[in-house]
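Spelled out from the first residue to the last, the chains are:
Number of protein chains: 2
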Amino acid sequence: MNIELSARQQKIIDIVRMNGPITGEQIAEQLHLTRATLRPDLSILTMAGFLEARPRVGYYYAGKKTEQIFGDEIRKYLVKDYKSVPVVIEEQTSVYDAIVTMFLEDVGSLFVVKGEGTLVGIVSRKDLLKVAIGQRESKDVPVTLAMTRMPNLIYVELEDSLYQAAKKLIDFQIDTLPVVKVLRDSKELKVVGRITKTTITKVFVELGTNREI
Amino acid sequence: MNIELSARQQKIIDIVRMNGPITGEQIAEQLHLTRATLRPDLSILTMAGFLEARPRVGYYYAGKKTEQIFGDEIRKYLVKDYKSVPVVIEEQTSVYDAIVTMFLEDVGSLFVVKGEGTLVGIVSRKDLLKVAIGQRESKDVPVTLAMTRMPNLIYVELEDSLYQAAKKLIDFQIDTLPVVKVLRDSKELKVVGRITKTTITKVFVELGTNREI
Chain H
1 MNIELSARQQ
11 KIIDIVRMNG
21 PITGEQIAEQ
31 LHLTRATLRP
41 DLSILTMAGF
51 LEARPRVGYY
61 YAGKKTEQIF
71 GDEIRKYLVK
81 DYKSVPVVIE
91 EQTSVYDAIV
101 TMFLEDVGSL
111 FVVKGEGTLV
121 GIVSRKDLLK
131 VAIGQRESKD
141 VPVTLAMTRM
151 PNLIYVELED
161 SLYQAAKKLI
171 DFQIDTLPVV
181 KVLRDSKELK
191 VVGRITKTTI
201 TKVFVELGTN
211 REI
Chain S
1 MNIELSARQQ
11 KIIDIVRMNG
21 PITGEQIAEQ
31 LHLTRATLRP
41 DLSILTMAGF
51 LEARPRVGYY
61 YAGKKTEQIF
71 GDEIRKYLVK
81 DYKSVPVVIE
91 EQTSVYDAIV
101 TMFLEDVGSL
111 FVVKGEGTLV
121 GIVSRKDLLK
131 VAIGQRESKD
141 VPVTLAMTRM
151 PNLIYVELED
161 SLYQAAKKLI
171 DFQIDTLPVV
181 KVLRDSKELK
191 VVGRITKTTI
201 TKVFVELGTN
211 REI
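Going down the list, the protein sequences come from chains H and S. Heads up: the first sequence runs through residues 1 to 213, numbered per full-length UniProt numbering. Heads up: the second sequence runs through residues 1 to 213, numbered per full-length UniProt numbering.
Keep in mind that the hints were calculated from the coordinates and are not lab data. Predicted, not measured: the structure shown is a model, and the values here were computed from it. Wrong hints could be hidden among the right ones.
The list makes no distinction among identical chains, and a pair is therefore deemed to hold if it is satisfied within one copy or across any two copies.
Restricting the straight-line Cα-Cα distance to at most 16 Å, the calculated cross-link-like pairs of lysine to aspartate or glutamate (EDC-like) are [what the hints assert, rightly or not]:
{"id": "1", "residue 1": "K190", "residue 2": "E157"}
{"id": "2", "residue 1": "K181", "residue 2": "D160"}
{"id": "3", "residue 1": "K126", "residue 2": "D106"}
{"id": "4", "residue 1": "K11", "residue 2": "D41"}
{"id": "5", "residue 1": "K130", "residue 2": "D106"}
{"id": "6", "residue 1": "K202", "residue 2": "D171"}
{"id": "7", "residue 1": "K76", "residue 2": "E206"}
{"id": "8", "residue 1": "K168", "residue 2": "E206"}
{"id": "9", "residue 1": "K130", "residue 2": "E105"}
{"id": "10", "residue 1": "K187", "residue 2": "E116"}
{"id": "11", "residue 1": "K167", "residue 2": "E206"}
{"id": "12", "residue 1": "K187", "residue 2": "E157"}
{"id": "13", "residue 1": "K139", "residue 2": "E90"}
{"id": "14", "residue 1": "K181", "residue 2": "D81"}
{"id": "15", "residue 1": "K11", "residue 2": "E29"}
{"id": "16", "residue 1": "K114", "residue 2": "E188"}
{"id": "17", "residue 1": "K202", "residue 2": "D81"}
{"id": "18", "residue 1": "K76", "residue 2": "E157"}
With the rest of the complex left out, here is chain H:
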């Protein structure tokens, strides 16, 4: 919202921020004006959400900053609405075949699963690169030797926010998060999607693309 405040309205906000809670009479006094003169300004500022009025207490500052609106809004985006399709391999796969799959699917990480998609590990380009420059032939090394294994995996669930996902990507310095359903009885994780830094970057571009024409 592009609200244009008058100089007097800006002054009122400053007074309330510094001295609130403060009564209308006290604000009027500070500005050398009558309470009646201020009434329209006070009601506009209250309506617009800059000030809140409490009976018998007075006005106090309640304005959100633009940044806070951003924060509130961004936390509404959910993992389930932005996740992409997971790329999975079996435990028996060799490092060599994992690398080939990575190129074919053009992803940065693969999820290693057993049975009906139960997550056992994650392997990244970095993990594979480490083996690839090692002494052993990559066709002879099983991917399970290169992967990060449960229970050390960081993951998100469908109802988590994209903000939480982004924070995990940064805090744990990883590129990909599996989106999982937790099967409660068994403590098993079933892979249902993935969130990467690419996902977040795409959302950032979307945010920036919405603009006034």
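Fit chain S to the supplied structure of chain H, relying on the hints for placement.
Frame of chain H; chain S shown alone:
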């Protein structure tokens, strides 16, 4: 701004959106109210930026949507304020040494430079992985054989917006952008920083962290 509109104010906005430009009298007529009754609503809506009033024309809709505020705001972030330090290697470096540097510096891409930091190419984990699983010994292959070479490099400049950078990362499906100064005489690019999907993800987390307490 967390403006709370009354039901009547919301109705006024709807009328103006559908019928604007429209005079105050015409709005009052549609609502079966007098012009005087509407006056405070119309001034608040105009002040708050939902409506604009033009003399002899009437009111028309001018409200920004939250998304548009986001877009406008996000386009203000500049590459120069968010870039991180570039990690560079010389043209003579082998693929093996490039991989080692990548692990030591913990980055996903290296910039290949000559002379005083003139950009000649970029090499990613993906590029190095491709060579690492090939037949040739990675110590014998120069990094110049694996890298993407000028003039095929996508880059940004210091005064570009972070939005433009994010859009390039997505549009060209790359993970890292060199931030360069273009030396005009010579068409040479001097590397001064880098922007990655990690940079963008960090900014997204910052945006989500700003919220009401």
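Outcome of the hint check:
Within a single copy, K190 and E157 get their C-alpha atoms as close as 10 Å, which meets the 16 Å cut-off; across copies the closest is 43 Å, which misses it. Only within a single protomer do K181 and D160 lie at most 16 Å apart by alpha-carbon distance; the minimum there is 11 Å, versus 41 Å between protomers. Within a single copy, K126 and D106 get their C-alpha atoms as close as 14 Å, and across copies as close as 9 Å, so both meet the 16 Å cut-off. Within a single copy, K11 and D41 get their C-alpha atoms as close as 11 Å, which meets the 16 Å cut-off; across copies the closest is 23 Å, which misses it.
When the C-alpha separation of K130 and D106 is checked against a cutoff of 16 Å, the pair qualifies only between copies, where the shortest distance is 12 Å, while the shortest distance within a copy is 19 Å. Taking the shortest alpha-carbon separations for K202 and D171, only the inter-copy value of 10 Å comes in at or below 16 Å, while the best intra-copy value is 20 Å. Within a single copy, K76 and E206 get their C-alpha atoms as close as 15 Å, and across copies as close as 15 Å, so both meet the 16 Å cut-off. For the homomeric pair K168 and E206, the shortest alpha-carbon distance between copies (13 Å) is at most 16 Å, but the shortest distance inside one copy (21 Å) is not.
Taking the closest pair of Cα atoms, K130 and E105 come within 16 Å of each other only across two copies (14 Å); inside a single copy the shortest separation is 20 Å, beyond that limit. Taking the shortest alpha-carbon separations for K187 and E116, only the intra-copy value of 14 Å comes in at or below 16 Å, while the best inter-copy value is 56 Å. Taking CA atoms no more than 16 Å apart as the test, K167 paired with E206 passes between copies only; the shortest distance there is 9 Å, against 19 Å inside one copy. Taking identical chains as interchangeable, the C-alpha atoms of K187 and E157 lie at most 16 Å apart only when both belong to the same chain, with a minimum of 14 Å there against 49 Å between chains.
Taking the shortest alpha-carbon separations for K139 and E90, only the intra-copy value of 15 Å comes in at or below 16 Å, while the best inter-copy value is 32 Å. In this assembly of identical chains, K181 and D81 lie within 16 Å of each other by CA distance solely inside one copy; the values are 15 Å within and 39 Å between copies. In the homo-oligomer, the alpha carbons of K11 and E29 lie at most 16 Å apart inside one protomer (13 Å), although the nearest pairing across protomers, at 37 Å, exceeds that limit. Proximity of K114 and E188 under a CA criterion of 16 Å is satisfied intra-copy only: 11 Å inside one chain copy versus 52 Å between copies.
Within a single copy, K202 and D81 get their C-alpha atoms as close as 13 Å, which meets the 16 Å cut-off; across copies the closest is 20 Å, which misses it. Within a single copy, K76 and E157 get their C-alpha atoms as close as 15 Å, which meets the 16 Å cut-off; across copies the closest is 33 Å, which misses it.
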